[in-house]
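Q: The residues making up each chain are set out below.
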Amino acid sequence: GAVVSQHPSWVICKSGTSVKIECRSLDFQATTMFWYRQFPKQSLMLMATSNEGSKATYEQGVEKDKFLINHASLTLSTLTVTSAHPEDSSFYICSARPRGRSSYNEQFFGPGTRLTVL
Amino acid sequence: ILNVEQSPQSLHVQEGDSTNFTCSFPSSNFYALHWYRWETAKSPEALFVMTLNGDEKKKGRISATLNTKEGYSYLYIKGSQPEDSATYLCSGNQFYFGTGTSLTVIP
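Chains as they are written, first to last, in our numbering: chain W, 18 to 135; chain E, 107 to 213.
Looking at chain W on its own, in the form it has when it is part of the complex:
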């Protein structure tokens, strides 16, 4: 149980295009999902917290107009990187917290998406 999928697992796009990444909880409902970014040899950095049915909360320094997050259902959150540029090339990974779990419980992570912007 507690499986999270991400799609696509990798994507290459041209500079200026937009890319959408999906995060799905496959066997549980997630009221909260989290989006992280990891640059090479760095740690996972929380970008935003996505709550079903409401606006995402972005961490300081993360541009909300560039990284659009939609959490339209209890099993799906999407991250759209708009007008991507080479500096947006990174590893993006989501996690989900099952409905009803306390905040100390672990997050269930997806396998991540490697984005390369040419």
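Don't take every hint at face value.
Below, computed lysine-lysine pairings styled on BS3-like, alpha-carbon distance capped at 27 Å [stated by the list, open to error]:
| no. | chain 1 | residue 1 | chain 2 | residue 2 |
| --- | --- | --- | --- | --- |
| 1 | W | Lys58 | E | Lys148 |
| 2 | W | Lys37 | E | Lys148 |
| 3 | E | Lys148 | E | Lys164 |
The hints are simulated quantities; they were obtained by calculation from the structure and are not laboratory data.
Computed from a predicted structure; not experimentally measured.
Position chain E relative to chain W; hints supplied.
A: Coordinates of chain E only, in the frame set by chain W:
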């Protein structure tokens, strides 16, 4: 923001050896520490969550301890096996991750 550090960055051990690595964090404003195991191309898998000073958790050959007063946690693997090869991540207060320790167990 919690500055979490892990050491060593990477580690190679022989099959059967026991090993341990460290996660350190500022003790002020701390409330929870998580350990994850992350194999290449897979999802990070939760191992332990610890909140209290002196907490010890165990799962098979893997165990962890927590010292909140001095701000560190140890992860121990007893009798390492090749399938233990992975990156081990810790996070403080859920969202602040270290860079991980990459473990390679040589058969």
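Q: What are the numbers of the hints the structure violates, in ascending order?
A: Per hint list: zero violations.
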